[in-house]
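Residue numbers (this note's numbering), protein chains in the order written: chain A, -10 to 367; chain B, -10 to 367.
A portion of the hints provided could be inaccurate.
Copies of one chain are not kept apart here, so a pair can be met inside one copy or by any two copies together.
List time: in silico DSBU-like cross-link candidates among lysine-lysine, alpha-carbon distance up to 35 Å [said to hold, decoys possible]:
hint : residue 1 : residue 2
1    : K178      : K15
2    : K294      : K246
3    : K28       : K283
4    : K238      : K28
5    : K106      : K283
6    : K106      : K208
Read the hints as simulated data drawn from the structure, not as lab findings.
2 protein chains.
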Amino acid sequence: MKINIAGAATTKFGELWRRSPRDLIKEAANNALDQAKMKPFAVEAVFVGNMLSSSLGNQDHLGAFFAEELGMPVAAMKIEGACASGGLAVHSAVMAIQSGLYETVLVLGVEKMTDHKPEEVAQMLMGAGTDAEREAGATFPGLYAIMARCHMQKYGTTEEDMAQVAVKNHYHASLNSHAQFVFPVTLEKVMKSPKVADPLKLLDCSPITDGAAAVILTKIKNNEVNIIASAVATDTLGLSEREDLTGLKAVRVASQKAYQMAGISPKEIDVAEVHDCFTIAEIMAMEDLGFFEKGKAARAITSGKTKLGGSGPIINTSGGLKACGHPVGATGVKQIVEIYNQLKGIAGRKQVEGAKIGLTHNVGGSGATAVVHILKKD
Amino acid sequence: MKINIAGAATTKFGELWRRSPRDLIKEAANNALDQAKMKPFAVEAVFVGNMLSSSLGNQDHLGAFFAEELGMPVAAMKIEGACASGGLAVHSAVMAIQSGLYETVLVLGVEKMTDHKPEEVAQMLMGAGTDAEREAGATFPGLYAIMARCHMQKYGTTEEDMAQVAVKNHYHASLNSHAQFVFPVTLEKVMKSPKVADPLKLLDCSPITDGAAAVILTKIKNNEVNIIASAVATDTLGLSEREDLTGLKAVRVASQKAYQMAGISPKEIDVAEVHDCFTIAEIMAMEDLGFFEKGKAARAITSGKTKLGGSGPIINTSGGLKACGHPVGATGVKQIVEIYNQLKGIAGRKQVEGAKIGLTHNVGGSGATAVVHILKKD
């Protein structure tokens, strides 16, 4: 597989009260088109990653809606898989090109979350969980707190280890003008932040965010960055049915498939954007993706290996979901934008020197959906 | 393009208060698997067509949810494009197979609508319209009533012409044990039914329905029915921006693309399932799909050409959305099931003798999305 990325852009992420989803996708899409030196009529299909437009905004039919706004009366659809909606939209776009039905397609990811009360948003997000979890009053921080406890018990992972993920990702975000939180945090600040779901504290959690991202994929060679693998796997929706709670099986299955498709090993990844909805999720991702042995990721992160300037792989140069922000449907698309920028060498102050192969890891719900992409510079 | 349909099934359509979406998709999927003589592990990806699970049920993450229920821990996602969600899910599945990434995939369509107040459902359905339409208090019957008026003015179409569509489709549904309305209606009964949005009356409108449908697509030859074309087009979301209101441009564009892909002309279609959300929509579809000249479809329908036993093409043998029912996300998938049954020769009392080529036509909103598939018997 070799699918060219012709252009890629995100809006600023944050609390964007004055901007509509339409406005956000226009900015992202037009910047991606400019970068690709393409006109709207070059686009033959539009794939939209979004989770909450229906439940929060009573806005369905996003595919046709955005296609009209962008002047593209072409095939268009919304793809949804909870917080993995963006990654699934990229996967759909990859299939569209590989199928031969379309030559050039646009992937949009968007979410507008901060116009609603956080309690309402949290309730809607639990639409990604099971009936039993909802009935029991579980929240996503609560579900990830259970996984954190299991990881702590089995591998001796500490609250400080998790806090280090936040420190690293806030540092990266401080170099990213598009990030929601552009301020660094200290270990002490994370450790002293209020408890959300013990052992997870406020600064262990990704925020509620508005934002959009756009990527143009094409069969034709436009520049030197390509998607060379795209894989998806699913697992049980609820935690109670899983074999093990110290990692995500869907991530292991999807990433193994992706490595095989790309013909590479995890050791060859220079830079990755991973789904750190909570700090424990980044620790688990490091292990499930094969970057570090099971139980050894926390130490590697604490030692600085995954931070800019470390021995690598360098993780979440954008700031990740944690500090760049997590506009749900946009996240999986934004991850592709960041890795594209890294491989193109246009990532600015957060550039990983000489990065040639990158990976994105997008997760839905508490791990029922996993989407992994691998990108390579020619 | 030649994608084999290995199995296809629907549940009974209707007010199924005792059944959950999970229960409905299991019945449809297991029947489709039985027909294909396949075990769940043969399925490599799952595509779910659904519109309202999020806004009406706070159930997102349907892809992973259903994949788990069916024992398929594979790639899974929900596809949404208002009332065209089912057709778009089939289009996605077609791309999945054509891409070479998957060999055998399952398409599910499902909607559970009757557990909610009709007013609430009607409001949620307007999520497919524009902000202006919603703010103006427009409903879908109202939007189609505008199109009906335009068609009446320009082509002399009458209320009786529209009523004849209902009479035909109720007759077909009376031969279909899975239909929501298994009773025939007379022209008089339709004409005397209460006005919903003048000139559309109650019996000009499709109902609110629960139901599910499943189709298994595969690269491997399993039997003699294949999808030979799959095309999608979009138009403006709102009516006010369209060039003409006596037909749907997206349908003309998508169907022309599909005929070209299949290498056939509209004259070769023996049987078709079209999106008759309102009776006027079937009249417009006959013209937009090229079955009859513009302005001449009403006469053809009234003369019985499109009714079982007519000279053809025979339209909506299932009873259509009008009488078989319209569980939104299931509709586009159910259309494939009906045409599959017709081409296999297993459509029972509603069989079109010798049917070799069939078409499905699925529309989103008031016509912003159109999906056309062509099926052929080897």
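From the Cα coordinates, with 35 Å as the cut-off, is the pair K238 and K28 best called within, between, both, or neither?
-> between (41 Å within a copy, 22 Å between copies)
With 35 Å as the alpha-carbon cut-off, assign the pair K294 and K246 to within, between, both or neither.
-> The answer is within: 25 Å in one copy meets 35 Å, while 53 Å across copies does not.
Is it within, between, both or neither when you check K106 against K208 at 35 Å Cα-Cα?
-> Intra 43 Å, inter 47 Å, cutoff 35 Å: neither.
Pop the pair K178 and K15 into one bin, within, between, both or neither, using alpha-carbon distances up to 35 Å.
-> neither (37 Å within a copy, 50 Å between copies)
Within, between, both or neither: K106, K283 at alpha-carbon 35 Å | Cα proximity of K106 and K283: none, with 38 Å in one copy and 51 Å across.
Between copies, within a copy, both or neither: which fits K28 and K283 at Cα up to 35 Å?
-> between (47 Å within a copy, 34 Å between copies)
When held up to the earlier numbered hints, the structure conflicts with 1, 5 and 6 and fits the remainder.
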